[in-house]
Amino acid sequence: MTKKLFAEKFMKAVFLICACVSIIAVAIICFFMFVRGIPAMREIGFVEFLFGEKWRPTAQIPKFGILPMIMGSIYVTAGAIIIGVPIGLLTAIFLAKFCPKKLYKLLMPPINLMAGIPSIIYGFFGMVVLVPLTRTLFGGDGNSILTASLLLGIMILPTIVGLSESALKAVPESYYEGAVALGATHERAVATVIFPAAKSGIMAAVILGIGRAIGETMAVIMVAGNQPRMPKGILKGVRTLTSNIVTEMGYAEGLHYEALIATAVVLFVFILILNVLFSIVSNKAAPISFKRKKVKKEEA
Amino acid sequence: MAVKFSVSNLDLYYGDFQALKNINIRMNENEVTAFIGPSGCGKSTLLKSLNRMNDLVEGCKITGTVLLDNVDIYKNMEITELRKNVGMVFQKPNPFPMSIYDNIAYGPRTHGIKRKSQLDEIVETSLKQASIWEEVKDRLKKSALGLSGGQQQRLCIARALAVKPEVILMDEPTSALDPISTMKIEELCFDLKKEYTIIIVTHNMQQATRISDKTAFFLHGEIVEFGETGQIFAMPKDKRTEDYITGRFG
Amino acid sequence: MKSSWKTFKAHPMSLVFFILVCAGVILTVGILFLVVAFVLIRGVPYLTPDLFALEYTSENCSMLPAIVSTIEMVGISLLVAVPLGVFCAIYLVEYAGKGNKLVKLIRVTTETLSGIPSIVYGLFGMLLFVRALGWGYSLLAGSFTVAIMILPLIIRSTEEALKAVDDSYREGSFGLGAGKLRTVFVIVLPSAMNGILAGIILAIGRVIGETAALMYTAGTVAAYPKSVFDSSRTLSLHMYSLSREGMHMNEAAATGVVLLIVVFLLNSFASFVAKKLKSKT
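Protein chains in written order, with the numbering used here: chain U, 1 to 300; chain R, 1 to 250; chain E, 1 to 281.
These are calculated hints, taken from the structure and not from any lab test.
Beta carbons: idealized from backbone N, C-alpha and C, even for Gly.
Heads up, some of the hints might be wrong.
To be verified - Dumping the calculated BS3-like pairs for lysine-lysine here, alpha-carbon to alpha-carbon at most 27 Å:
{"id": "1", "chain 1": "E", "residue 1": "180", "chain 2": "U", "residue 2": "4"}
{"id": "2", "chain 1": "U", "residue 1": "105", "chain 2": "E", "residue 2": "276"}
{"id": "3", "chain 1": "U", "residue 1": "105", "chain 2": "R", "residue 2": "61"}
Stated by the list, open to error - Cβ pair distances, simulated, as ranges:
{"id": "4", "chain 1": "R", "residue 1": "58", "chain 2": "E", "residue 2": "246", "range": "53 to 63 Å"}
{"id": "5", "chain 1": "U", "residue 1": "31", "chain 2": "E", "residue 2": "102", "range": "17 to 27 Å"}
{"id": "6", "chain 1": "E", "residue 1": "102", "chain 2": "U", "residue 2": "115", "range": "24 to 34 Å"}
Could you build all of it, start to finish, from the sequences and the hints given here?
Shown next, in the form of structure tokens:
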């Protein structure tokens, strides 16, 4: 009996320790990033690092300004949102409110597959299809903000579609009925009642999409040109925070190496901010469903 | 009195299940017609065929004719036009998650009214007609979801009135409400019938006697008896009606 | 599911909206097919036996070593992440009390982990496993890095699977005098197996598709790893290296075909398992 009791206690402790692994992991990641990154930032100078427009790590007098990369990430992500969000939301609306059941069964597997395709495949597609395409259509050498935005816009589609579809589906049917009973067409009811009612969930989807776009690395490297300079126009090449790390990590040493870690710290902070935004927005989405549940209970 | 709705030989199927069998009924202008009967008898189904809400149900098939002012609503009327003329209030109050003002303005905006002054006027008169103006006039920009259940239902009535319908369908509008809210809504029906035709589905037989002019008793998808409310409750012609209203089943 | 044409005639804006929505879905599905079709058309003709030669040389670009090291990497990372993730989920669902502050912290950190970009993982893996622990560019360093990456996925899917197990099972087991531990392992875990499995399959997909986190942890050597401390590139990294060199685009495309097929199979398997789960409950 005591042996059994011991096993119970022991395993409970094991479970507890395992449960803490994600806390430990985040702590260690933060520790390693900040311990290596912050001193580098201090050495370079915070302002110089964050707002310096020149990145010349191997010059005789090295310059470590990552503003070009910050701007690059922001431009490319904004482009991805401009391209991906409208298409993704329209797709989600179709799937949630216009799609006949049979077609839905047919469409869902490929859309799920889209989320599973490795970014290297998207990158390859971008490199051999989108780059030449933008080159012939708009000139330049094709490796550009535009190409990267297009590719990232495609890559965030599954995130946007998946989350906003479930947000749209969670809107109570009674709102829809109320709207059509007033003489709204199906389309109008969807656009003016259901869509606004799902806006918190949709916002969450967009924020997650931003996170995806800002964190994507390999696909961006293959199409963005990677020149470490301030963005000069959407047909010109650009370097993002992520590609800055990957392109130079292989050979960087000393302060250069630390500066790359500091770049990752900046990226990490961006992601943390997005995470906080995401949980605020999805908490805002939660009370509605909570209220619904409560009403249902009262009925019963 | 003029006939508003005229239903003849209506059969309605949900898939293989026949929910309504050979319905024939006429409803007059400026009267309150009540549909009563046990659950699942088809009274709500008939109500929903009057503004074609059944179209939303998958596998629903309807044969027969429904005439609104002598126009066949299934063949010769565009659906949004029909629903503009035939408003509906649901069992559970369903205000949109927007401000009170936007809730009322939703219908008029849908039908092309954009001018602010005109919308303001419609909002005020509709809320007054639904006797909820005094309670909400200072919080028109606040969310409608903050109102009490009874207020929400009156708001929904005001929302239906705002598109200036000719007929208002009410699907057990008080079943989710407390007695005081119920009373307010019943009083409202009484006032509204001067200008509108009202058709109300109710579980509550006292409610039918209090507010309706005519009553139809439904059983198993058929209309068993239809006539003046006073007559139906005082001396029903059919044994089944009598059994139901005296509480022997249902 | 849409208005009739008669209604559209009266409400042209609704028709416009309908057309836009249709255009959206056609575009999404079209893009997907374009990507897939392109990789297939470009790659299938070059899917030669040479590509699967036993040894990698810079001429044949064999992907066999990469396939082997991918499998090893999947194996090791699952070995690390699955027990940790499943046990964590067991704690969250079966043991933790409601409103527990620790649980809240675990939730927040798990969410944070799932949002961290893979390159940050890569950098972290490099700092900790490659340098601080001195494992060098190695299979082990790469596996541990991706193991942390897939941890949130496994925790979440297991948590959902455990929550879906009906409480009456647990009560039945307790009623027969079984302890909590026995109940969890004999009753709850087996009934949640399919859900957990679906999560694991998705995690495998993540590992196979990963590049950025592995570049500076597992390294890019194109040979069989002799031990876990050897550097070796996975299939995705192999494809990346080939396409970056510019000389072997055809072989890169062919590698892409193999990757796509694997991902497709994994996805189908995951949805098959998930469907089985649904039909059971």
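Status of each hint after checking the structure:
no., hint, verdict
1, E:180 <-> U:4, "holds, 11 Å"
2, U:105 <-> E:276, "holds, 16 Å"
3, U:105 <-> R:61, "holds, 25 Å"
4, R:58 <-> E:246: 53 to 63 Å, "holds, 55 Å"
5, U:31 <-> E:102: 17 to 27 Å, "holds, 20 Å"
6, E:102 <-> U:115: 24 to 34 Å, "holds, 31 Å"
Checked against the numbered hints above, the structure violates none of them.
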